[in-house]
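These protein sequence lines map, in sequence, to chains A and B. Read in order, the letters of the first sequence correspond to residues 1 to 141 in our numbering. Read in order, the letters of the second sequence correspond to residues 1001 to 1703 in our numbering.
Don't take every hint at face value.
Think about it this way: if two alpha-carbon atoms lie no more than 30 Å apart in a straight line, the pair counts; the simulated DSSO-like pairs of lysine-lysine are [what the hints assert, rightly or not]:
| id | chain 1 | residue 1 | chain 2 | residue 2 |
| --- | --- | --- | --- | --- |
| 1 | B | 1554 | B | 1385 |
| 2 | A | 116 | B | 1572 |
| 3 | B | 1174 | B | 1272 |
| 4 | A | 116 | A | 91 |
| 5 | B | 1427 | B | 1393 |
| 6 | B | 1424 | B | 1272 |
| 7 | B | 1180 | A | 116 |
| 8 | A | 116 | B | 1385 |
| 9 | B | 1098 | B | 1038 |
| 10 | B | 1272 | A | 85 |
| 11 | B | 1238 | B | 1366 |
| 12 | B | 1223 | B | 1466 |
| 13 | B | 1174 | B | 1121 |
| 14 | A | 122 | B | 1445 |
| 15 | A | 116 | B | 1554 |
| 16 | B | 1385 | B | 1445 |
| 17 | B | 1445 | B | 1272 |
| 18 | B | 1631 | A | 91 |
| 19 | B | 1067 | A | 7 |
| 20 | A | 137 | B | 1531 |
| 21 | B | 1038 | A | 55 |
| 22 | B | 1098 | A | 55 |
| 23 | B | 1174 | B | 1038 |
| 24 | B | 1180 | B | 1098 |
| 25 | B | 1427 | B | 1385 |
| 26 | B | 1631 | A | 55 |
| 27 | B | 1531 | B | 1572 |
| 28 | A | 85 | B | 1664 |
| 29 | B | 1656 | A | 85 |
| 30 | A | 85 | B | 1393 |
| 31 | B | 1664 | B | 1554 |
These are calculated hints, taken from the structure and not from any lab test. Predicted model only: the values in this text are computed from it and were never measured.
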Amino acid sequence: MADQEWKPKILGIICNWCSYAGADLAGSARTQYPPDIRIIRVMCTGRIDPLFILKAFVDGADGVLVSGCHFGDCHYLEGNYKAAKRMFILKSLLRNIGLEDKRLRMTFVSASEGAKWAVVVKDVVDTVTSLGPSPLKEIGR
Amino acid sequence: MAEKKTRKEPAAKKDTKKPVSKATPAPAATSPDKELGKGARIGVYICHCGTNIAGSVDILAVQEYAKTLPNVAHVDNYQYMCSTPGQKKIEEGIKEHKLTGIVVAACSPRLHEPTFRTATKTGGLNPFRFEMANIREQGSWVHMHDREGATAKAKDAIRIAVAKAALLQDLVPKSVPVTKAALVVGAGVAGMQAALDLANAGIKTYLVEKSPTIGGRMSQLDKTFPTLDCSQCILTPKMVDVGRNPNIELMTYSEIEEVEGYIGNFDVTIRKKARGVLTPAEAEARGIVGGGCNGCGDCDTVCPVIKPNPFEMGMKPRKAIYIYHPQVVPLIYTVDFDSCVKCGLCVEACGEKKAIDLEMKDEFVKVKVGTAILALGYDIFPIEKKDEWGYQKFENVVTSLEFERLICASGPTGGHLVRPSDGKTPKKVAFLLCAGSRDNTGVGKPYCSRFCCMYSLKHAHQIIEKIPGCQPYIFYMDIRSFGKMYEEFYYRIQDEGAKFIRGRVSNILEDPETKNLYVMADDTLLDRPMKLEVDMVVLAAAVQPSADTDRTRKLFGVSCSLDGWLLEAHPKLNPCGTTTAGVFLAGVCQGPKDIPDTVASAEGAASAASIPIHMGEVELEPYFAQCIEEKCAGCGMCVNLCPYQALSLVEKEGRKVMQVTEAKCKGCGTCGGFCPGGAIWMQHFATPQIVAQIDAFLLGGEQ
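The following block holds chain A by itself, in its conformation from the complex (with noise of 0.2 Å):
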């Protein structure tokens, strides 16, 4: 692992009605996580642009987390589908240019499940922390 101050940059991009509503549950009910995230909020996973994904990593995140609804409750019927679908061809494709897919991580977290937002939230920084600083900060620059 790389030096004790390092942090990683993780940005997070969830949806507002199931995963951004579940974030907030997980702060009224005061659950404890790892404040390496940093979060946009969109209205679908759907809205998500492979491209806003590959800038991130361009512009030298250490990982992405993507969350929304589970299938079958996405608000809008079929974006988290859609997106899904989506964050399966990129990450075969981060592995083609030889990036950790581990780095981009999609979950699906309902706005009932403040609990399992907080276990995303660590499990998503523990990997990025295993995985070390990303490769294309050093590239980029």
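Could you slot chain B onto chain A? The hints should help.
Coordinates of chain B only, in the frame set by chain A:
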């Protein structure tokens, strides 16, 4: 009938209502990004929220940091930004510092975005020039003991919000007319009350019920606690009212098949299951004068097929053509086509009324409504899964709902409580509370079913009253008698001589000869194990969402909690609303409730559902997609992606471009997430805005 009337009206209204009306396509955006963000002056307001935020975030450090951010013209902080003085700061700041955008770093936008949008508007800016940085629910509250981490996260959250705020545009919410009709799904006591309230407020209400009669679970009960009112006696007047109310269109034996549209304009398809029997109105429509079912029951008498009646929990027979019980509304027989042998005897018996049509097929009815209420009710948890209590293995172990029928005067035994094994009157009856509720073994339900304590007390009272010398034993964990006059009722039952044993029953065994039952438990007050021989055991089984809940909720886009109960918009401040605008919840489908709470929640839902209808118009958030025509290659991929058929390809200046029908667009952005040419502008979540947020996070901070 419903179809004709409702369809035409809104269609005519559409075009006259607004210049940017529902039916007209959105004006094509011409590179809205060119002018975006020029001369942006952002005001940042940081909330302490008492110590909620200030306790874990260094507000002054965040404030100093915010001043260094690009485009920030003014930074301030306040104890409670949502208070009147806090909002005033925003309003004055806009004028004083000529701000073009506002960022408030406080709680979740799901809580206070509307508040601050209003303040932004009052200050003279377009309300959509506002962005919230969530530093409480996703900041101070989840990093309570990490001040450094929480402060760094708050700084980043503000930087991200400022980047977006600089690129926000003026948006105008779309006003749409609301259809003056409502839908209520489920006609138990909740659905009936909601429908009656709506109807009495002058709103046309479609009440859809999956069973052949209205009344729901409450009609199966014998008495109600703590008043000991006869359940049917207080319910049937309401059932009759529902049947008679001219504003209620009752559709029994029907299910929701499809839901389209949005608040104010839901298009609902209802499947009227083939009932095999015509109502007088239906008969008249077929030209049979004076015909149709009058509930005489001649068909029932001749029908040769015998099946268990689900209303009597299977303890009484019914025929293949049946009614649940004598008080059904509407009083129309139903053919169970799964068991009907089509012998035709009933058709003969019906004679001139010609009410029976054994070739009937399911029908689909379309209605248009402005709002909808889900009152889907509950089922009993399949308590046979708790193997140790022997339900369905031992004849004399029954559920509480079976007990209700056995003790009810209109039930299978005429109100004489008997043991199912030998028809003898029991002398010792054990009641098991929390049967499947408050169960952390993974087999039962973790929650409290809320009304079992009280109805078990009522059951104990009933056997003491009806069977002299019969002794009830109540095995409980805690008695939860929380309602009005409930605790007093508990004392009364204690005084009447019911025996209370605090302890969970570990096991029940049956004596194969006598069919008596041995209840094994741990008496935790006397701290000793006990074994009690009783004649009968009643399991106060847990409740769970009714079987159809999951399918129906998905049609309406309503979420559920982990246990499957439907999720309200806010447990305290919006308990009847859902995250789908225009859809409300009533009764137990939201979570276990006794009858008073159920009726109260139904009245609340009816009131909430009537507001948009009385307003006549609702505003929709203007988050819809727009096509940037100069970038659009006309590939049409987005057209197939849209789940709402809101997009289409049109011919313009000799080439194909995409066009959005704003009325259909709900703003998910699935099209914008795909468009290979970047030709789709998602209002308020536009690509440059999101990319600016990403850049601000990863490039804009202290490196």
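Hint numbers contradicted by this structure: 3, 6, 7, 10, 17, 20, 22, 24, 27 and 30
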